[in-house]
Each structure stands twice: as structure tokens, then as C-alpha cells.
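Protein chains: 2
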Amino acid sequence: MSHQEALTKYLAAFITGLVQAGIKDVVISPGSRSTPLALMFSEHRDVKVYMNVDERSAAFFALGLAKASGNPVGLLCTSGTAAANYYPAVIEASLSGVPLIVMTADRPHELRDVGAPQAIDQLHLYGRHVKWFAEMALPESGATQLRYAKTTAIRAVKEAIGHDKGPVHLNFPLREPLLPLLDPYPFNDEETTIIIEESILFLPYEKLKNLAEQFQGVERGLIICGKIEEDGFTEAVTTLAIKLGFPILADPLSQLRSSSMSSTTVIDSYDAILRVNKVVDELKPEVIIRFGGAPVSKSLSIFMKSLYDSEHIVVDSGSQWKDPNYVGTTMIHCNETAFCTELAILIQEKKSSNWLSTWLAMDEIAKKTISDHMQLTEELEEGKAVYELVNLLPVDSTVFVGNSMPIRDIDSFFHKNSKNIMVMANRGANGIDGVVSTALGASVYKRPLFLVIGDLSFFHDLNGLLMAKLHKLNITVILLNNDGGGIFSYLPQYGEPKHFEVLFGTPTGLNYEHAVQMYHGQYTKILDWEGLKMAILDSVSYEGLNVIEIPTDRERNLTSHREMWQKVSQEINLFLQDAEK
Amino acid sequence: MSHQEALTKYLAAFITGLVQAGIKDVVISPGSRSTPLALMFSEHRDVKVYMNVDERSAAFFALGLAKASGNPVGLLCTSGTAAANYYPAVIEASLSGVPLIVMTADRPHELRDVGAPQAIDQLHLYGRHVKWFAEMALPESGATQLRYAKTTAIRAVKEAIGHDKGPVHLNFPLREPLLPLLDPYPFNDEETTIIIEESILFLPYEKLKNLAEQFQGVERGLIICGKIEEDGFTEAVTTLAIKLGFPILADPLSQLRSSSMSSTTVIDSYDAILRVNKVVDELKPEVIIRFGGAPVSKSLSIFMKSLYDSEHIVVDSGSQWKDPNYVGTTMIHCNETAFCTELAILIQEKKSSNWLSTWLAMDEIAKKTISDHMQLTEELEEGKAVYELVNLLPVDSTVFVGNSMPIRDIDSFFHKNSKNIMVMANRGANGIDGVVSTALGASVYKRPLFLVIGDLSFFHDLNGLLMAKLHKLNITVILLNNDGGGIFSYLPQYGEPKHFEVLFGTPTGLNYEHAVQMYHGQYTKILDWEGLKMAILDSVSYEGLNVIEIPTDRERNLTSHREMWQKVSQEINLFLQDAEK
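Here the protein sequences line up with chains D and E, keeping their order.
Numbered according to this note's numbering, the first sequence spans residues 324 to 904.
Numbered according to this note's numbering, the second sequence spans residues 324 to 904.
Just so you know, not all the hints are guaranteed correct.
Given that identical chains are not distinguished, each listed pair holds provided it fits within a single copy or across any two copies.
To be verified - Restricting the straight-line Cα-Cα distance to at most 20 Å, the calculated cross-link-like pairs of lysine to any residue (SDA-like) are: (1) Lys-690 to Asn-797; (2) Lys-645 to Glu-433; (3) Lys-739 to Gly-555; (4) Lys-739 to Ser-680; (5) Lys-821 to Phe-510; (6) Lys-601 to Arg-435; (7) Lys-628 to Glu-433; (8) Lys-690 to Lys-890; (9) Lys-739 to Pro-874; (10) Lys-821 to Leu-505; (11) Lys-856 to Asp-719; (12) Lys-821 to Asp-506.
Hints are computed from structural coordinates only; laboratory data are not their basis.
Chain D extracted, bound-state conformation (with noise of 0.2 Å):
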């Protein structure tokens, strides 16, 4: 057998692998070191193949096609520092536990740490941030070896999205010449697979009795949602909150505020309301039962802390310790729906709780007072763009956020709804790299798609929008320029005047306008409030790139911030004073 014939045969039967577990798409990047793979993926008919340039806006790409899809999706490029400039989206996958199969083509053996042009190690290139890796063998078309390397893929699949998902990493040898043979069509749909069958966690009946019976007797608890994407959990943790009668604090990114059910437990302004005092010392609760990620909020974080005396209780289903703040004293190894779910088959509905009376009442002041400010709010600012913008938004959206403030205005200014939005972000790492493409790649699942993002983070990612015109991609992009780093101005550096504005301030003075343009889109500047509104309900009827930019000024946003954090705090103390006449 000829070496492509073998060649063709054992990529043939990795592909078929990876199928078969479920890849639909690829994301590829242009080599050569990689060509066998990349003619293959694109021969395949049940593949769709997204090209890229910039690897690392590739990963994030394909990082956004996992997150949106729920899929594992491919990630393939050719040898040397494009494999590196996966990296960073490598991590944020591992910790926001996103199914990514990174392969990389490499030299062979022979060709390594012998000073080979575009030769560098690649084993274990990206350390403990995969779940998994593997050294492909040499092609070769022995019975055995078509199997080991249908076998692999299909094992790389499970190891992406077993417990714990996130990315796997498969490194291929692969020799000259590098052309398979496409003719005949090299994949065979028939061929059997291997069934994998997961099991879920899940915490032993006599447990779940006893810490029903706990809960039983307590009024003043409360359930804290972070980041969570598990099926059903909305549906179950809401049902145990009602029968509980705890409030639920949820981040934006548990899906929690946006969803049928959430008007009846659901807080959402805690992050204003933690910075009372006077509730940080009297709402003291028993009881915590935390699921999901670290809550973007930091008064909430705080808040927590403060909590010395209180049974806090951290389910989560995967291996990792999420407990940043070291409040834990219950750590559940659960899945957490099945946790929810069982749990509240063994509560009694509690009748009216004067505690969770008192958190919604807290919760509708928080929000009237944000409202009231908002309208007294005329010149452009961060805050209200990102209010103006959720009370837009159609029914059925997604709105992907950017890192550092954007994150935080949508934590303090997405309320309660009905409209089924979905939040995004990429809260594994945090970082504000990758965002333009990530939220790309989520735009071919989820539709109508709004971006909101600083300028930084957009300048960052700026090749990102490459994706939108190549692959009439369709994103709107609210774009929160005050010209550099918005969130410095919230910490204590900003007391530095000397080097602030060099270090931190960062201002870049671009005129983001040519950019667009390059890349074909859309491009609106913001002048006030009307303009906002007119700008967002044009954008449901635009194809294509559609960038909105909101000029902000970074001390007029700190100022507006303070004002609201203030108000609220005098409505709510007034609130807690006339309760206790």
C-alpha cells in the first residue's frame, strides 16, 4: 500500500471517529504541515469547515461554536507558533470547561529539535490546561491501527465532554507527501462506532434527607447561582427556591433572570443592595447553598465573606473546588440539577417568609431607584447604554459580554424578564482577549446576537471580525468606547496620577470606523439616547457586521455609577428603617 493510500485511510478513520462522537465543525487555519487533514475535513460531507487565518482568534472561534452548539468542536492547524496562538483560548476552554479537539499537524520524528524550519515541541504544548493528550502514531492502514486511531478520536470526543468538559489535545506526525487521495470519496458512513454511556453524580438518599429535614426548619437562607449550564437546572433550582422559600441571588450568567419562572425568587440587584451596610449586618442568612461559578459582583463576594457564622453549602458537579473566598463548610459532589430536583421532592412548601418578602421588596426599591436614575440621565454613559440596551433586546436574543466592565453593567443592570435572553461570556479566565470572535462563533447558533464590549477588548480582538465577512456572519456589536481602561478608574491605582493614564488609562485614540469598513459593516456612532434606541431596533432587520459604538467618557461613567450605588443606598436604608417601625 502506498504511503497516501495509507495516509488517506488513517485520516479516514479518525475523521469517521470524530463524527461519529459528534464534531460537526471544524474550525482550520491555513498550513501545510496540516494539508491531509484540512482536505480531508473539508471532503467530509457531514463537516463544515470554517477557515481562519489568525489561530488565535481560530480557537475563540471555535470556542464560541462549542459554547453556543453545546457541541465539542475541531480546532486544526500546521505546525509551530500557530499552534501556540491557540493557547489562550486553550485555557479559557479548560476553565470554563468548553469541549475544544485541538490537533495540531507537526513535523515527524526526524524532523524534530534538529533545527527544522517551523519545528517546535509540541508535546504537551499546552501543559495542564487540557484535559487530555496524545501523540498520534505515524499514518499507517494495519486493521489495528485504523482502529487505534478511530478509537482515539472517539476517545478524545468522550475525554472533551465527560465530567469536567473542556479542550483535549492531539499532536500528528505526518510525512511527506502530504496529499490524500479524495477520489473515491474516502469516508464510510455505515461503519459501526462505540457507544459511550455517562453516568451523573449523584448524592445518596439518606444525605439528601438529612439536609432536607436541615433546611426544613430555616427561614433565613439563601441559594447563590453563578455560571452554570446544566440541563434542567433553571426548572429545579427555581422549584427548590419556591418550596424553600430562599431567595435566589443569580448572576446573569445562570441563565436564572431571564426565564418564566424567576419573577418569584429571583434577586438580581444584590449587587447594589450589598453595598448597604445595613444589610450586609442585619440580612444575615443561616443558611447558603452556592451553585455555579464565582457571581461577577464584588459586594456580593464581600458579602459572603463577612458571613462567619452561616452553613454555606457549594454543590458542583464537576472536580474543581469553587470556593475562591474560602466560605465553604459543606462541599456536595453533585450534579446539580438531580441535586435540586431530589432536594425539593423532600421539602414541605413553607407558607410566606417575611425574609424572602424582605429581599424582593429590597430587590423592586433597587430597581425603581435605577430606573428613576437612568431617566435623569442624559448625556451618554456605560451604565444606562447597557440598561438602554437590555430593555431593547427582542425576545429570544443572546447578548454576548465582554470582560472587565461590561460584565459588571450587565450584572447590575440586566433585571428580570420573560424574554428568554441568553447571557454569555467568557468567564473561565476572564480575559479580554478573544471576545470578537467567540461571540462569532456563537453567532451561527444563536440569533439575533448583540456584542457588548469595550474598546480594549475590541481592539484586541479586532481580526476577529474577519469571521463576520468571510462567512456573512450576522452580530451587532455594541461597542463601549471611552477610549482605553474603563475599569482602572474603579480601583485604587487611579489615586496615581502620575503614571495612570500611561498604565492604565491606555487610551489608543482610534477611530474604529476604518476598521468596520475594512471588514465590510455596518458602522453607526451613537450621539444620544434617541439615536441608542434607533441604532438597536434597526439592527433586528441588518445582515452582516453591524457595529453601534457609544462614545463614553471614563469619569462621567465612574460619577454616574457612584450617584446610582448612593441612591440606592438611601432608598433602601429608608426601606429598612420604616420595617423596623
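Given the structure of chain D, go ahead and fit chain E onto it with the hints provided.
What follows is chain E alone, placed relative to chain D:
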């Protein structure tokens, strides 16, 4: 002592060590966790800080600074994926031996692996791609700790600039509050330092004498020089070659083509010459002495592989095994300049050699043919663009060359001259990534600087252009725009029409004038050869970012190259036939 005082003293000791060991430039990306280091670098009177928002670009910019200045350069970023963006440049620095001191701020131990925001596992983040990694202690101000901090800084520089130069990585856990005390001035310039004396590798005299005796009797010898940067090497190797009567096949990155001594022994058109079967068959050397990295030329590489009976000596001062073709018969681990200088002393200068004059004659014929071919080339194409550029470059200028096709065209068309032109490129891993940023970093020390780059590589690092705007750097970019990946037309996959254009051609259809406008640069699109001349002559007087686009056609580039090789082959064959008569 307060936390802030300890933080300040500890970091002052560290930074003092770095500066004493030779760090002058530090490239910083904005972030919160890195605040104390960023502020203190900015405060130091002898440190020049370059801010760069995109860490991938920042690291390549630092690489360029270090390559052009010959000094180690510092890099600083915050925690999280920011640090992962350095990876491509770190790998390039590692493979091309460029000293970088990579400093990553990190969360302290109690905030690691517990779901805290922006916390990734940064220990050994760059794996085996750095020469040295150290996890720094938390800031403390005891005498031993201050001495430790300073010594570690000096040692880090020593590791980066010693034998086998390269990047080192220091990870800094830092606790809040992150503000150091800048008043009074925290550094003491008078402090004592640690002196480091380095030796060079020197081959024992007996071995040298044996080699000299052996070479003295050889007529058919070749010296091959790839990329090499050793003080005094150009003069030493030329002297040796003249005495031995051996031609030097000199890669453009050997810097031998543009020295005043280059005319007598340097051969620069071997890429074209060695495509002639008759040359490969008949002009076999008995001895090859090779220095530096793998040459760019593929025909030279194939020629070397064909020489089974030649003695092939590889001289290298590093610890790498620079022999991708497995042709070496003797590996000499020795300082290259010392080797040439000492050996030349032991050699008696040979009389005129027929072997040398044949090579020089072929070289002249090849260049005359290339020149004639260029005269006849009317339409814009890349080979002639590079050929014209090289002729027009001012004395003492630097040309930074992109990978893929530009470096191959420079190899073919950058001929011997006495203009003292430096040729630079990223030839560690040969990536198309980070080239714009590396060139801009180099432009700080090398003026005037011309970057010759293809459109995909330009696109990949478009963000790098921000540094030209922010730091008022002068650079002329010669953008060879064939709208896609030109090199693939020269490879076998060109014969795979079904997927070729999507997977390898990868046209982006971008008009880069928009991007250049965004960065406040000047943009000129060339329409004919006269226009190119004018634009390059004008560029000398232009300050700032200047982009000259040469639109070309991939098909035409390929045809013109093939015609040129064909003509050279005819002329060389004629010459060899004449010589036989």
C-alpha cells in the same frame, strides 16, 4: 513595616537587579495584578516603558527590541490569559536565541485553583520553551529576601543572555493592596551588583591543527552560513574562506551578503544555481563547513542531502543539534568566530582555485540572467518587487523580512553589495505571526527600517501597527498583496483544485488602506514599477508609519519565478558545457 513598604522595597530590589544586569526596555500590557511592577518600572529613571494593549503583539515587539538592540528586554503582563498570549513570541525567542525576561503577575497562592477570577495555572506556563522558570516569593523586606529578589533578577538576565540565549519566565504572586510607594524615589542607583564573567567555547589546539592540515589539501570545499549573529563572525569567516579558497554560500540572514568583504568569496544565487541538475551532479564538494541556522533555500537543502560522500562539519556554539538533513559527519561545539579566526591562522593561503572561480562565474551568470529577466518583467509581481527594493534601499538601512514567500524572495534577490544593509527575520519557528510587531520593535534601534511582508502575515499582526501610532515609530512597510497564501501555489496541494482556494488560497478581500488610516499612517498603492521607485525614494523622508502596497497576482508570481529559474538553468548549463570544452 507595612505591606506597601515591603512590596516597594522588594520590587525595587528586583528592578534594580534587572537594570544593573542590562535591562533598559520593558514592554508592559495594562492590567490590575501587575500594577506594582508597572508603576515601579515607569518610575525608574533608566527604564524605557512601552505600553502595548495586545499581549501577543507586546511580546513580539519586545522580541524586536531585543533582536535589534542586542540587549535583553523585559515583558510584563497581568494574570490570566494575558500571559498565554506571549506564547508564540516566547517560542520564537527560544528557537532564535533572543533574551527576554517575561514577568507575569499572578494571584497569590490562596487564590489559585479555587475559581477566583482571572486566575490560571501560570507555573511553567511556557513549558520547555523557556530557558529558566522561577516562581517568585511573595514580597517581603527582610535583608535576605531583598538580596534574593535582586539576585534572582540578575540571575534571570544571566540565564537569558548566557550560552544559548533565550527567554526566561518569572511569575510574581502579588497580594492586594497593589500600590507601591513612589515617593521618595524607591531606587538606589549606587547599590552594589553581582558581576558575572562568561567564558566562550574553544576547540583544543590539537584538534584545530588536525582540521587545518586536512583542509589545506582540499580544493573542493564549501562554507555554508545560515542565520548567525556572532561578534566578528563576518570578518573571521571571510578571512578563513579566502585563505581556503572555499566559496561561502551565504544565507541572507548570515549578514555576509552586505559586507565590504563579501565580493571575493560569497555566493548568493545558489538557490537558482542548485536547481540545475548538472551543477548538483558535477560540483560536489569534498568538504562542507557549516555555520548558523538552516538556510532558507530548499534547493541548497536538497543539494546537501545528495552529498553522501562529503565530509560535512557543523560548527555551533549553542547546544542545539543544527542538522535537519542528517548530513553532518562532524559536530563541533565551539564558538564560531574563534573557530574561524584560529583556523585561518593555521592555513596557508591557497593560490587561485578553479573550483572557486567556477562558483563565482556561475554566480555572476545567474545574477546577470536574473537582472535581464527583471528588465523584461513589466507587470507587477513579487520577485521583481523584492529585487527592485533591494537595489533602492539606502545605505545602512535594515530590511525586516516576513516568512513564507518574502524571505524566499529575499534569498533569491538580495545580492551582494557593500551598502551595509542588515537583514532580519523571525527564523526560529518561521511563523507568519507577530512579524509587524517584531519589525516595529526593531525599528526603535534600526533606522531606516523596511518591512517586506505578505498580506496574510500583515493581517495576522495588524494590531501591531498601534505601536507605530502610540510611540511615533518610523517604518516603511512593503506589503506584497496577492490576497492570500502565495506560498501554497509552489506546493503539491496546488494540484488539488476542489479545495485549494478555500483551504490554501484563503483570499480575505481586505483593503488595508482602511487599517492604515486608522493607525494614522500613509498609504500608497503601487500601479507600476516607476511608482514603486518613487514610493521607496520618498519613504526615506517620511516620518511615521508608511505602507506601500504592491498588488500582485499569485498565478503570475508563480509563472515569473518558474521562467526565471528556467532561464538561469539554461545559462548555467551553457556555461558548464563551454567550460568542459
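The hints, checked one at a time:
Taking CA atoms no more than 20 Å apart as the test, Lys-690 paired with Asn-797 passes in neither setting, with 32 Å inside one copy and 53 Å between copies. In this homomeric assembly, Lys-645 and Glu-433 come within 20 Å of each other (Cα to Cα) only across copies, at 12 Å, whereas the closest approach inside a single copy is 44 Å. Proximity of Lys-739 and Gly-555 under a CA criterion of 20 Å is satisfied intra-copy only: 19 Å inside one chain copy versus 72 Å between copies. When the C-alpha separation of Lys-739 and Ser-680 is checked against a cutoff of 20 Å, the pair qualifies only within one copy, where the shortest distance is 16 Å, while the shortest distance between copies is 85 Å.
Taking CA atoms no more than 20 Å apart as the test, Lys-821 paired with Phe-510 passes between copies only; the shortest distance there is 17 Å, against 65 Å inside one copy. For the identical chains of this complex, Lys-601 and Arg-435 are neighbours neither inside a copy (65 Å) nor across copies (32 Å), given an alpha-carbon limit of 20 Å. Taking the shortest Cα distances, Lys-628 and Glu-433 sit within 20 Å of each other only across copies (14 Å), while inside one copy they are farther apart (56 Å). For a Cα distance limit of 20 Å, the shortest separation of Lys-690 from Lys-890 inside one copy, 11 Å, qualifies, whereas the shortest one across copies, 80 Å, does not.
Within a single copy, Lys-739 and Pro-874 get their C-alpha atoms no closer than 27 Å, and across copies no closer than 54 Å, so neither meets the 20 Å cut-off. For a Cα distance limit of 20 Å, the shortest separation of Lys-821 from Leu-505 across copies, 10 Å, qualifies, whereas the shortest one inside one copy, 64 Å, does not. When the C-alpha separation of Lys-856 and Asp-719 is checked against a cutoff of 20 Å, the pair qualifies only within one copy, where the shortest distance is 18 Å, while the shortest distance between copies is 58 Å. Taking the shortest alpha-carbon separations for Lys-821 and Asp-506, only the inter-copy value of 11 Å comes in at or below 20 Å, while the best intra-copy value is 67 Å.
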